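Colleague: For reference, the chains in residue letters:
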Amino acid sequence: MQALYAQLLVGLINGSFYALLSLGLAVIFGMLNIINFAHGALYMMGAFVAYFLLSLGGINYWWALLIAPVIVGIFGMILERTMLQWLTGLDHLYGLLLTFGIALIVQGVFQNYFGSSGLPYAIPDQLKGGMNLGFMFLPVYRGWVVIFSLVVCIATWFLIEKTRLGAYLRAATENPTLVRAFGVNVPRMITLTYGLGVGLAALAGVLSAPINQVRPLMGADLIIVVFAVVVIGGMGSIMGSIITGFALGVIEGLTKYFYPEASNTVVFVLMVLVLLVKPTGLTGRAA
Amino acid sequence: MKTTSIASLLLTTALTFAATAVASAQDKTVKIGALSDQSGLYADLGGPGSTLAAQMAVEDSGLAAKGWKIDIISGDHQNKPDIGTAIARQWFDVDKVDIIVDVPNSGVALAVNNVVKEKNGVYINSGAATSDLTNAQCSPNTVHWTYDTYMLAHTTGQALVKAGGDSWFFLTADYAFGAALERDTSAVVTANGGKVIGGVKHPLNTPDFSSFLLQAQSSKAKIIGLANAGGDTTNTIKQAAEFGIGKGGQKLAALLLFLTDVKAIGLETAQGLNFTETFYWDMNDQTRAFSKRFGEKMKNGAMPTMVQAGVYAGVRHYLKALEALGGNPHDGVKIVEKMKSMPTEDELFGKGEIQPNGRTIHNAYLFEVKKPSESKGPWDFYKLVGTVPGDQAFTPLSESKCALLKK
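Chains A and B supply the protein sequences, listed in that same order. Quick note, the first sequence lines up with residues 1 to 287 if you use the UniProt record's numbering. Quick note, the second sequence lines up with residues 1 to 407 if you use the UniProt record's numbering.
Check each hint, because a few of them may be wrong.
What the hints assert, rightly or not - To give an idea of the chain A side of the interface with chain B (calculated C-beta under 8 Å), a few residues:
| # | residue |
| --- | --- |
| 1 | Ala6 |
| 2 | Val10 |
| 3 | Leu119 |
| 4 | Gly130 |
| 5 | Gly253 |
Hints in this document: simulated from the structure, not taken from any laboratory. No experiment lies behind these values; they were computed from the predicted model shown. Every residue, glycine too, gets a C-beta built ideally from N, C-alpha and C.
When you get a sec, could you build the whole thing from the sequences and use the hints?
Modeller: What follows is the structure, given as structure tokens:
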């Protein structure tokens, strides 16, 4: 029984990454209608920027949490301005192909320079060590990841669903012409939104750097699962992707306990089951 | 009638042999295929570095100056047996490759082993670990260089059991390599009076090991044996440190650890780990000289791993055999027989031999990862703890199940 609690908690930790990443995807899909396949590569860039900040500039983890998402976010906005904006109104397929291509190029460049086995990034001193919870030894850093991602997820949800800015955003996706007539600069808002989604991915990357190796393929390994999360949760639904992210982390953790060989595939089995019953995903609205 | 037909048969045979002899004396072209994981979790320990090692072997052989034409092509098997065999088939059928080298990933290696035998090519495996390549699935076309699961189990495994680690829990990569390493190590553990109290199989290329580590932790085993490799091992070691394994009295046994893995983990976390390799760049003047040349050609100045060193040594020996034959007969079995008949000797592994089952025998070394304060440079990682002579490190021929030995 104790082991089960431990697995639930570990699942929640992995779920934090799924939630942060699928949240960014949901924001981008909801506002720009782009299936952002470059999300994994941007997540990887977040981890690499944190590594560079530390090794080249001596800038620590806490600053990296702030600076890396901004740097990668700006990179994302440049992508949006130079390439993605021309896809407005076209079929989803074009966005998917373009972002997939971008992901391959970014990963290829990093792999060419840094190899595949990755670079070490130490856990910050303040978060080293762990607590004995009775049923498991919880590394402090992992506890921090869960709490921090929950806060970020809720803040993002609040920003989009409950604030005036969020209301503009949602209105702009429904009817850009009308919103523009009210004097809102819609293209700039879209660019900033893409930057926000990308920044969330980079933030997840920084969070993951001390746990996983900083590797060029770290995003590629994760992105397929995250897409499954988004599809299960319902494309474009903010709350849906947060909840599904955490829930799937837990389910995957339990699979690792009861039948570890299936832990890489359980998410896809679930996806098939959910889509058979509800093709729009758990919380998705019919298109 | 009968005698004439026998006579004509003999004559034809004799003529054919004479023709082959003439052809082989003249044919001095060789094509080498370096088949590796070029982009995945084993790419740094083999991959482009293995292709470079093969190129350096060709250059150092000096055969070009003697009129030989030797080409190298490389391929990415992506750790998938079907892709590996498809490339191997195309190389033999279309590109007329003579020899396949490297092939990390035991699953792919065993599959390619069958193709090479069927096409009568030569196969010098350096990257894969499974001892089955020279045991149950041995082939007259295959030479297994560098290391194998039997050797890892009988060096690292045995040393740890003798040092008091008598209860084991395995974290095993769920494919041919993990299964072979767990099997061979379990045998050593039980033979030395220890016992295996559990284990968990994880999928290849797993980013998060926390669930598995928790199971290992709650098993209370003294030793957590890592029957995985490359990126999986680095992630396990890093995350084990995070979960306080080690401080809680349990010891990690990295049964297979490469130079590039230590680089990726960082000395801070990796210090004190014991493991076995058959090559380290900083062993002597010759290995340092080779590694320096190698590093200058690598993008990030990386020193060679034992897998890459094995590719170099294997190709050197292969070319020596071809030279001794006076040309390339394009007959895998014949070339491998020649390779087995000659003692091996090179700058990287020293003196050795290839046994009839295809296993190359050379020394194995027990290493310990240095503390950060002991390291003097970017690749200065290992302390030599002990040397195991080749005849004790590898499967004794009396125990080998290889069919080639039952003649």
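Colleague: All hints are to be evaluated individually against the structure, with a verdict given for each.
Modeller: So, going through the hints one by one against the coordinates:
no.	hint	in the structure
1	Ala6	holds, 5 Å
2	Val10	holds, 5 Å
3	Leu119	holds, 7 Å
4	Gly130	holds, 5 Å
5	Gly253	holds, 5 Å
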